[in-house]
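If you want the building blocks of each chain, they are given just below.
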Amino acid sequence: MAGAVTYDEISEFNVAPSRGIQGTLSRWIVNRVLPVATIFIFLIVVWYGAAAYFNWHFLNVQSQDVNPQAWHRLSLAQQIQRSLSTSTPTLPTPVQALGDFLGRVEQSPTSDTAIWSDLLWTVRAAVLGFLLGTLIGVILAVLFMSSRILTQSLMPYVVASQTIPIVALVPAIMITLGLGLRSEVLISAYLAFFSITISTYKGLQSVQPIAFDLMRSYAANPWHVFFKLRLPASLPFLFTGLKIGVTASLIGAIIAEMGSGSSRGLGQVLVAESTYSQNIQLWSTMIAAASLGLALYGAVVIAERLFVRWNVESES
Amino acid sequence: MSEAMRDDTVLDANIAVDASGAQGIMAPTESVAPTRAYHRLAQGFVRIVPPAVVFVLILAFWQFGVKALHIPIYALPTPTDIWHTLPTISELPADARYTTFNEALPGFIIGSGLGFLVAVIAMRFRFVARGVMPYAVISNSIPIIGMAPIAVALFGFDWQSKAFIVAVLTFFPMVINAYRGLTSLDLLSLQLMRSYAANGWETFYKLRLPSSLPYVFNALKINATLAMIGAIIGEYFGSPSVGLGNYIHNETGMLAMPEVWSAVVVACVIGISAYLLLVALERWLTSWHISYRSGR
Amino acid sequence: MSAVSPNPGASMPETSVAKTAIHIDNIRMVYQTRGERLVALTDINLDIAEGEFVSLIGPSGCGKSTLLRLIGDLLPPSAGAIEVHGKPAERARRDRDYGMVFQSPVLYDWRTVEKNVQLPLEIMKISRGERSARCRELLALVGLQEFAGRYPWQLSGGMQQRVSIARALSFRPSILLMDEPFGALDEMTRERLNMELLNIWSQTGTTVVFVTHSIPEAVFLSDRIVIMTPRPGRIEHVVEVELPRPRGPEIREDESFFHCIADVRSRLYES
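Residue numbers (our numbering), protein chains in the order written: chain A, 1 to 316; chain B, 1 to 296; chain C, 1 to 271.
Honestly, the hints are just simulated from the structure, not real lab data. Check before you lean on any hint, since a few could be wrong.
[As the list claims (entries may be wrong)] With a cut-off of at most 27 Å between alpha-carbon atoms, the simulated DSSO-like pairs for lysine-lysine come out as follows:
| no. | chain 1 | residue 1 | chain 2 | residue 2 |
| --- | --- | --- | --- | --- |
| 1 | C | 19 | B | 206 |
| 2 | C | 125 | C | 87 |
| 3 | B | 206 | C | 115 |
[Said to hold, decoys possible] Computed footprint of chain A on chain B; a stretch qualifies when at least three of its residues, placed anywhere within it, have a C-beta under 8 Å from a C-beta of chain A:
| no. | segment |
| --- | --- |
| 4 | 72 to 80 |
| 5 | 112 to 120 |
| 6 | 138 to 147 |
| 7 | 151 to 159 |
| 8 | 229 to 235 |
| 9 | 271 to 285 |
A virtual CB, placed ideally from N, CA and C, is assigned to each residue, including glycine.
Excised from the complex, chain A in its bound form (with noise of 0.2 Å):
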């Protein structure tokens, strides 16, 4: 103990002088930019650290079969550069990565490489898929809170839908009801539902006992009560589970993509770059997924925005 002083003493009493908008803008730079900015080349250094070990004992290996001497006679400092640099590598340098991702975007969209249509069949998938799991969501969660006995012998089913790896029945799924976009969007829309379904309900149970009896006092009839009340009470709810959802559904649909034979989708594309090895598209493909993961997600966040202006838990 000694005088030691512990986080919680500091984080309690530390409350930063303020000096105007200097203040608030080096604040700022302080408690946001340069943590983030640290963690980014953190995980730069160590991502370059990986890629010249990876790629060092690839063509370490590789040269003792194609001209060891060559290699040899190269300095550390030189195979490491080799390394970084080597067009075939196990993991490709975030700068070849990046660069290949760009070169495929700017490529004209009909252009047979590019990487556009791919994306596009994907985005497809995923809405399709989420609009159909926020539908069963939402009439899900809406027949829990209307009756018991269906909460109760749906509920446990709901659940468990969740536990099972619904990867393992991808290409059951696939076969019986065939390939193509119908059963993406149905898997897409499995993954969805769950976190539409749970949060919903809970939005639609989170009204206030009394919020009820304020409406039976101006005799509202149950339509009243379920459009002025509960629904909007429980949109902020429906929005956590749509923001979940809509990730998801991107989720199921490259799963999708990847277990099945159909040759289109990003899944598709990530299969076709694993089987030929081309380690750098595979992460250019995967930066790809990563955006398209953060538009539809920004998609949401913005339509929750102008649907829910009461509400400031969706902070979190």
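Got chain A; can you put chains B and C on it based on the hints?
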């Protein structure tokens, strides 16, 4: 203590009983014991029967639907087809063991463990929290599973690549949940510790750790599912000739659907067992938590 | 005010016999949040004698809770000094001189009643046998011995607060700091716990600083009442409560009790 005080105590006890009774819990008093036992039985009945009925209905619908519509076995086998195939597949147990214990479990332990460690560091050093948490939150909206082929490219076909992708998948949910659990305390319970001049370790061990447990279990339950998904998907991108994902992939290629569905059933059983195991562990360790008070 | 009173200094804080427990010297407290400076407390001077029962009373925002936290070294003052038994407040906290009771019981959900009472004892490295002995003794003191194995949620609000008092007393602190401990309870429970608190106080001889906004509660319990006013928080008056001790429920019917309440009320409103 005075006579009046005793009365008050009894009064208070009754209030407590009333309050908990209203929430559906019977007070541990002798006189109500038979009612309680009956109540329990009735509650258990209500909990089990409706889902069981639904289960039977689904199976019946499936069985007779497939028969009635003449759906060929390579498209969708009936439950009885699957049931009869199940014991005939000798390699299935080995595949399930490999996927679960060689791939999913190591990845689950490494990912969840590292996630918790990072959450503790983030709790202790605010700078780390501010640096790491934005990335953890962003990771939520990214399809990380797409990294499965990358893992295979880096670590080869064997279990290490699957353990790696599972570790990556399970890392972030644990970081986010554990950090939330470790830091979302009310100010008063921290001030209480301060008034005892408790040091950082005691505050962690006696306050932060127990109150974070419900959050940690939440993450573990999410991670159990993610681990199986990661392992199975990982096997699609190459695996030594074992593993459930590998098995499903191969049998699908041969249109051996009863075999595929049997493997799916096994995967489901593993997933649900893992989940139930965690639920049991959670009940045991966090029986004090609010979510168990209403008798659920 | 008989000679056998267990708190000889309590009802006569003015006599030189009583040693000073808490010495507050010219305290000033300023909160600084984004662009705003809020003077929470200014010119606070107060001496509290050992074994004395002092209440802090005033409207919301007068800084009475802040003053309590300053005494307990949960917050550092912007200026001025607080001495407890002749040493700085931080030193006193590290010596475990303070027992805190907050408005909410702040019991740890995962610990039984018994384990909650033992929490500070565990931190203070007191042996297991001693821990359970003291715990039994204190639960008896607050009348909850049958509830030792229960969890907090199985108890009513009043019982929870009694556990929290037992916990605060468990390590025998020389000073009890109570921040509106009965504020969230109904009137009947509150009066009953007032009585209990007086019993406990007379048995332990602890110095008590008690924050409240109930005038009857302050009058019933205290030797002195410190009346505070907001914006900025200052001490307006210190009222001596001249009611005899020991005080029982019957004193609430007494004319001197009403008189004292009226006195405190008029001073509160005149400021």
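We went through each hint and held it up to the structure:
Restraint check for residue 19 (chain C) and residue 206 (chain B): the C-alpha separation of about 36 Å exceeds 27 Å, so the hint is violated. Using a Cα cut-off of 27 Å, the hinted pair residue 125 (chain C) and residue 87 (chain C) holds, with the two alpha carbons roughly 23 Å apart. Distance hint between residue 206 (chain B) and residue 115 (chain C) is fulfilled; the C-alpha atoms sit about 11 Å from each other, no more than 27 Å. Look at the segment 72 to 80 of chain B against chain A: 3 of its residues bring a Cβ nearer than 8 Å to a Cβ of that chain, three or more, so the hint holds.
Under the rule that three or more residues need a Cβ within less than 8 Å of chain A, the assignment of the segment 112 to 120 of chain B is violated, with 0 such residues. Using a Cβ-Cβ cut-off of 8 Å, 8 residues of the segment 138 to 147 of chain B lie near chain A, which meets the minimum of three, so the contact claim holds. Counting residues of the segment 151 to 159 of chain B whose beta carbon lies closer than 8 Å to any beta carbon of chain A gives 3, which reaches the threshold of three, so the coverage claim holds. For the segment 229 to 235 of chain B, the stated coverage by chain A is satisfied: 3 residues place a CB nearer than 8 Å to a CB of that chain, which reaches the threshold of 3.
Requiring three or more residues with a Cβ within less than 8 Å of a Cβ of chain A, the coverage given for the segment 271 to 285 of chain B holds, as 4 such residues are present.
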